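Visitor: One letter stands for each residue in the lines below.
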Amino acid sequence: MSISVEVHDMTVAYHRRPVLWNVDVTLPSGVLIGVIGPNGAGKSTFLKAVLGLVPIASGWAKVLGQPLSKVRTRIGYIPQRESVDWEFPVSVKDVVLMGRYGRLGWVRRPGPEDNKAAMLALSTVGMETYSQRQIGQLSGGQQQRVFLARAIAQDADVYFMDEPFAGVDAATEAQIVEVLRGMRARGKTVLAVHHDLQTVAEYFDYVVLLNMRLVAAGPTSDVFTKENLHKTYGGRLTLLVDAAEAVRTATAKQIL
Amino acid sequence: MNEFIRLVLLQDPNTRVVLAGAGLLGVCAGVLGVFVVLRRRALVGDAIAHAALPGIGASFLIFGERNVVALLAGAFVFGLLGVLCIAAIQMWTRVKEDAALGIVLSSFFGLGLVLSRIAQSTPGGNKAGLDGYIFGKAASMVQSDVLVIALVAVTTLVVVAFFFKELRLVCFDRSFAASIGRPVGMIDFVLLALVCVCVIAGLPAVGVVLTAALLIIPAAGARFWTDRLGYLVFIAGLFGAGAACIGVAMSAALPIPAGSRGWPTGAMIVLAAAAIFMVSMLLAPQRGVLAAVARRVAFKRKMSLEHVLRAAYEVTEDRKPGGFSWSINEIVRHIDGQAGLQRIINRAVRAGLVKKYIHGTRAGQYTLTDDGAIEATRLVRAHRLWEHFLIRHADIAPDHVHRGADELEHILPTEMIRAIELELGSTLPPAPPSPHQVVQGVRLEGNP
Amino acid sequence: MTQDAAMLSMLRGNCTIGFAISEYDLWVMLAGVLAAAACSIVGCFLVLRRMSLLGDAISHAILPGLAAAFLISHTREIVPMLIGAASAGVLAALLSGAMARYARVEESASLGVSFTTLFALGVVLIAFIPAGIDLDPSCVLYGSIEHVPLDTVVLFGVEIPRYIRTIAIVLIVNVVIVALLWKELKVVSFDAAFAASIGFGTAFVHTILVSAVAWTSVVCFEAVGSILVVAMLVAPGATAHLLTDRYPRMFVYSIILATSSAVIGYQLASALDTTAAGMMSVVAGVQFAIAALVAPKHGVFVKWMSRFLLSIRIRREDILASLYRELESQGAGTISLSASNPNDYVAACSTGNRYSRGLLTRISRRALRREGLIEEQLAGQLRLTAAGAEVARQVIRSHRMWESFLKEEVGLGPDHLHDPSHVMEHYITPQMRARLQSAYADRPDPHGKPVPPA
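Chains A, B and C are the protein sequences, given in the same order.
For what it's worth, the numbering used here labels the leading residue of the first sequence as 1, then goes sequentially.
For what it's worth, the numbering used here labels the leading residue of the second sequence as 1, then goes sequentially.
For what it's worth, the numbering used here labels the leading residue of the third sequence as 1, then goes sequentially.
Keep in mind that a hint or two might mislead.
[Said to hold, decoys possible] Here are the simulated DSSO-like cross-link-like pairs (lysine-lysine), alpha carbons at most 30 Å apart as the crow flies:
| # | chain 1 | residue 1 | chain 2 | residue 2 |
| --- | --- | --- | --- | --- |
| 1 | B | Lys300 | B | Lys355 |
| 2 | B | Lys356 | B | Lys302 |
| 3 | B | Lys96 | C | Lys303 |
| 4 | C | Lys297 | B | Lys96 |
| 5 | A | Lys116 | A | Lys70 |
| 6 | B | Lys300 | B | Lys356 |
Since the hints were made in silico from the structure, they are not lab data.
Computed from a predicted model, the values in this text were never measured in an experiment.
Please model the complete structure; the sequences and the hints are all you need to start from.
Guide: As structure tokens, this is what we get:
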């Protein structure tokens, strides 16, 4: 089994405050990977750091065995819903076409082939009838499906999804999981930040348990244990939080 | 020069009037500005001032001559109308605050220009009067203007003093204020109305374009000096008054170069305020930039000194008594790449933490003094305790913990070290053994 | 100044009379149209990215740059002006950024501090420019669009105003940039995190945009003055965003709006003998106000209207349902509206309705009567017709099935069922009714009343 994501001794600070300490993890490809942890555990930050969207304080991350800049077109990303301006004048199809922008590069416009790929992606998630709607007029679940279609249109090898099930009803969730399984069948890797512990074992082959540091990572059956969950969600780490706060106040006073 | 002396001694009654007016205006704007800036509405004052112009134009058009009451009433109505338009646009359309502000500000201002140009071209129109409202003409202030400003300033101060608690609450936490039953909307409206009145009273002196500066700059400058709202209001009022007086005095006293139109008072007031702001930003003791830079330098120095102390401890850790001296080279090998090591050690010597042997076989070598040894033990202890904590409770591999601890040893407060001790159980010796091999000369670096 | 005005009115000829437009007027209008178009294109992005105030700040902050460039070079040539203005604009952006970052001044306050200070500096510098040269305080406010045709150059053998050439270049550059970076600007503005993940740097796009705003402001400043540039930048884009949800259309609309505001503004200004720049921004503001009120989808009237129609529908259904209940309990289709019989439907009106009960009720009753759903016999006597009973039955059916649903699935107590169902009954679609009926159609509702047949 080849490696999708490799992270070595990665420490990440957000607004001067360390949120992830010394993470070391190697993830296989061709599996659905759940990134699990309590609120403020640094799950989103983990994805963003691997994608190079937040600076890494120390350590490094590689995707598909290469530094990120070499494999950007092989990476797909679904950000959190809050990062988007829903009143922006774009249609559903426009949004899905954005998935093609990465491989088009600067200046070049999408052509008929990209259009075809976008429509195909839309029909995969069952949203082709909405292609001309403005994105803000859809329900939360439909918006999430459109974003999934955009990811499909990217035709990437490794996908990073920040809470793909947030604000989504049960039927849509089931549909999204179906699409993710289809991706896995085609050899894609998906890393998804997930909240609902009930469904972890059902959805994911592999889990990464995070709480400011890596608690455990491995096949769900081995790692998703009561003991590890207790370590992830249990206390004992107030000191880590305090230390992060101490770093923040010490550096804030000196304007770093 | 004669001018200047007359000015300083306040011999000219006209100067006294102008200074009093501008000073009162500065106090009023500074005080209100604090709340406006804290409410994150710094640019609302700008919008009000611009939106007020059609009121002035309209009253010129209707009454022809300069009729102070009608002018101010017209300006007030349009200023308030502008604010209400901004609120209505945000509430009822999809247009966001920034665009609403921009549209209202510029189209009202355009209307004001249109009306005043029409007013100027009508026979008997007072041409000079209007431009004064756009750029401000403090020098032409008369006693009645000052009376209006004084009235506004007193009203503002009384209202602010009376509702101080409510204003603080609303500025700090709107939803909490609403939850305990304060009429948040009403308080906001009173604040806006006060700003409106103050801006309009300031129009003759500072002008439409720059009144906003009097609201924003003193308040933002005062913010550097204190964190207490009461002091903040006081300092901002002081700054406002100071800026206004300095600006007026400079524009009156500075010699006017040949060919120039004279110093524009409004702009000079704003520049004076900006100068006060700059000084505050640089020199304020806690939040000032220079103080922060100094703190940073001091911290860096402390950190490098502490690194040397810890290195001195670690290179002599396994030696027997009598072998505790060390040379610079040993330290260099231990902490790779520390620049200016000799200077740092000299500093340690001066601080009485390190002793240098001058004579004998160990001449040129160093050793920790008693104080230095205590300090070094404390540092090593903090460093290693933190490493142990990370390994035991944060599941971090032993070969990864060093660098994190390297930074934290300088920062961790004593109570936290105590908490870590409790967490680990107090079985560890004063400085517990390192959890990893102390590799000499090798730093664990990130990128491969 | 008076000589100027006299010369201008002479040159302008008889433009206020009828439609005879002189060549002079055409040049001035063309300058306005080109400036408005150049502004509106970059302005769309300012509106979409919520950076309108940056446009305001930059257009103010360039003043000292312009004044300094003039004082040094003694000309109004575009190159020194651009250099001066650009450096002032960059200074403003750096200053406010540095203050927010290093001195932790709140963001809008730092913007306010830096641009007002620079503007004040500009005003002071301008005071040093000898009177009579056309960079004076009134030029800062009004621009000098009326003077545009006076200074000409020869281009391809044709004599055109120098300013037309400059503003045309700016317009072309803006169009080319927007066309080249069409999709990049779109994706960065819509979803910056995603754009960064596919390698489109937000910072780069942002820099391009800010620079475009800066040079456009510099050049348009000359035509319309510092404050009215903001109207040209922000108003057309915001208006267009109210009119459409399509990305390309927003640009087309905003260009149309901007150019028409220039033409209309200039004509109005000529007619009223006032400042053209001021009038243009008034027209832009009026366009926005009209769109905000009557835009087909996002206008205030449309929203109020649909809310009003909804309350009428609810009131109608409430009237019909109450008559139906009356019918059920009395076995007769007539109820009295006299005071002695407190009419059920008024008491049961949805709460929090902002319209007066009397008006809504009267409108609803008239509509029901006209459509033959009720008959009004004597004064105040209502009777349900067969068609009305049909409609009422569906409402009651929704209401009672929803009550059953609330009791069974949500577990509400019997005294908490009526009010939510009374609201919900108006929103239950036929599809939802079909889904409810499989479980709840064939048995009485929680209060023991029968669910009427479909």
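Visitor: Please go over all the hints and tell whether each is borne out by the structure.
Guide: Taking the hints in turn, this is what the structure says about them:
This hinted pair checks out: B:Lys300 and B:Lys355 have alpha carbons roughly 22 Å apart, not beyond 30 Å. Simply put, B:Lys356 and B:Lys302 have alpha-carbon atoms about 20 Å apart, close enough for the 30 Å limit, and the pair holds. For a cut-off of 30 Å, the pair hint linking B:Lys96 to C:Lys303 stands: about 17 Å separates their Cα positions. For the hint pairing C:Lys297 with B:Lys96, the CA-to-CA distance comes to about 17 Å; that is within 30 Å, so the pair holds.
Between A:Lys116 and A:Lys70 the alpha-carbon distance is near 26 Å, which keeps this suggested pair within the 30 Å criterion. Under the criterion of a C-alpha separation no larger than 30 Å, the hint pairing B:Lys300 with B:Lys356 is consistent with the structure, at around 23 Å.
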